[in-house]
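> Could you put together the complete structure from these sequences and hints?
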Amino acid sequence: MELFTNQVLAGIATGAIYACMALAVVMIYQAIDHLNFAQGEMAMFSTFISWQLMQWGIPYWGAFVITLVFSFIGGIAIERILFKPLAKAPVLTNVAGFIALFAIINSSAGLIWDFTIKQYPTPFGSAPFLGSQLISTHQAGMIGVTVLLLLGLYFFFQYTRIGLAMRAAASVPESARLVGINTSWMIALGWGMASAIGSIAGMLIAPVVFLEPNMMGGVLIYGFAAAVLGGLTSPFGGVVGGFLVGIFENLAGTYIPGVGNELKLPIALALIISVLVVKPAGLFGRHIVKRV
Amino acid sequence: MTQLLNVSDLRAYYGQVQALHGLSFSLNEGSLTTLLGANGAGKTTTLRAICNMVRSTGGIEFDGKPLSNRSTESIVRFGIAHVPQGRGTFTNMTVEENLQLGAITRKDSAGIVSDIERMYAHFPVLKQRHTQQAGTLSGGEQQMLAVARALMLRPRLMLLDEPSFGLAPLVVRDLFGILGKINREDKVSILVVEQNAQLALELADQAYVIETGRIVMSGNAKDIANNEEIRKSYLGY
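In order, the protein sequences belong to chains A and B.
Residues 1 to 292, numbered by full-length UniProt numbering, are exactly what the first sequence covers, in order.
Residues 1 to 237, numbered by full-length UniProt numbering, are exactly what the second sequence covers, in order.
Mixed in with the good hints, there may be bad ones.
Simulated restraints on C-beta separations [stated by the list, open to error]:
(1) Ser71(B) <-> Leu276(A): 31 to 39 Å
(2) Lys88(A) <-> Gln133(B): 24 to 32 Å
(3) Lys127(B) <-> Gly131(A): 51 to 59 Å
(4) Gln198(B) <-> Lys88(A): 36 to 44 Å
(5) Pro121(A) <-> Val113(B): 45 to 53 Å
(6) Thr136(B) <-> Phe155(A): 23 to 31 Å
(7) Ser274(A) <-> Thr136(B): 26 to 34 Å
(8) Gln128(B) <-> Ser274(A): 42 to 50 Å
(9) Gln158(A) <-> Gly219(B): 46 to 54 Å
(10) Lys264(A) <-> Gln133(B): 33 to 41 Å
(11) Gly64(B) <-> Gln158(A): 39 to 47 Å
(12) Lys127(B) <-> Arg286(A): 22 to 30 Å
Which stretches of chain A does chain B cover? Using the computed rule of at least three CB atoms under 8 Å from a CB of chain B, they are [stated by the list, open to error]:
(13) 153–166
(14) 176–185
Keep in mind the hints are simulated off the structure, nothing from the lab.
From the three backbone atoms N, C-alpha and C, an ideal C-beta is built for every residue, glycine too.
Laid out in structure tokens, this is it:
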């Protein structure tokens, strides 16, 4: 039983990271109807920035905040420079854009910081949390920071005018323009926020997976699985999906013989395919009904 | 009477297809003007051209200021509220959020709160349903919501695209009654596009008739309603 509880709690901790990645993916998907394949690389680059800042002697939380601001501005810049001009382009052009972005960021990070694996600090330490062997302080910190982030985002979207405007722009762009919302900037803002959310995920998971240019590959696939499971049209679904995938991943690795650590990733891919086959709208997504 | 909206030689295009062929008309401050015409005559296109939602050439002046080449969202800030065909409801948001969105360009939060109450007085059904998802409202209620949302801008000019579309006759009467009241009491100028010519002419003071992208008739709404020839040849009733 203790093994089970332990695995579930560990699953919730990594699930928090998947939830952040899923949320970032869903935000951009809602704004521009495309999956951001480079979301993980953006997060990885941000994490390197924070590492570099710490190398220069800036304390953890200072580096954390500066990195958030950098990621926010960087996300907006990527939208303005690369994806705004592609807004009316066909799907494949956009996909090519995302892959290009992926490759550019990945190689730049390798060029600047090289491909060797680096230690990344945690501000929470890795002692047993509250004296219990079930979960470490860093895992508790991952969950805590994510919950704070999700609450903050909930209040932002539910109770601020700019949050309302962003939701309006994502749901019915034409009507949003007709009430005077600059939908183009709302999309850019969505990119900035998604990028910042991703950077938090990157900084939280880096002590676990270690810092290197390919660190987010697996994480992003779990994030995609979470987003698909929750329904790509629902931020709430993406978050729930993230936690579910985290728990599922850990339990499968522990209890299904032969899965172990090596086959965890294919399980995420199998999950994506199963959801798409059985329930394409996901758990919380809405069916897209079009009049013909 | 001062002219609020002046449209001259308006030509609009959907891709290669020209939908408006040099259309000119004007609207006086405080008036309720209707654009009539059959399906495909260019009524909707005219409204969309005013808000720059379709490629067009020609002059559009609002209160003496040119609107051409401005983005849709900046035209709204002049005080032009457009209720599009199909109502443009934010269906996955609550009724109250829809109303707040109508006032999203305004900065006076106290005024917005009191205006929401004013809308609930105009449309009591919206108050009953203010926490409900707008998509669950009936067609008539959604049209009321669309008009209320437009009024939340405190517009000087309201553009209405086929407000009667898909509504039961009694609901249409109600709605047009409210539009008349808004026009008189809140001093909002209204440009309404309608296929239901009879009803629109009862309500309006000024009327234009469009056929295949051109104005073919204009005048006092009463005169047009009383002119049997026009009625028979253009309005079909």
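> Look at each hint and say if it fits the structure.
We went through each hint and held it up to the structure:
1. Ser71(B) <-> Leu276(A): 31 to 39 Å: holds (38 Å)
2. Lys88(A) <-> Gln133(B): 24 to 32 Å: Since the Cβ atoms of Lys88(A) and Gln133(B) sit about 31 Å apart, the hinted range of 24 to 32 Å holds.
3. Lys127(B) <-> Gly131(A): 51 to 59 Å: holds (55 Å)
4. Gln198(B) <-> Lys88(A): 36 to 44 Å: holds (42 Å)
5. Pro121(A) <-> Val113(B): 45 to 53 Å: holds (48 Å)
6. Thr136(B) <-> Phe155(A): 23 to 31 Å: holds (25 Å)
7. Ser274(A) <-> Thr136(B): 26 to 34 Å: holds (32 Å)
8. Gln128(B) <-> Ser274(A): 42 to 50 Å: For Ser274(A) against Gln128(B), whose Cβ atoms are near 43 Å apart, the range 42 to 50 Å holds.
9. Gln158(A) <-> Gly219(B): 46 to 54 Å: holds (51 Å)
10. Lys264(A) <-> Gln133(B): 33 to 41 Å: holds (39 Å)
11. Gly64(B) <-> Gln158(A): 39 to 47 Å: holds (41 Å)
12. Lys127(B) <-> Arg286(A): 22 to 30 Å: holds (27 Å)
13. 153–166: holds (count 3)
14. 176–185: holds (count 8)
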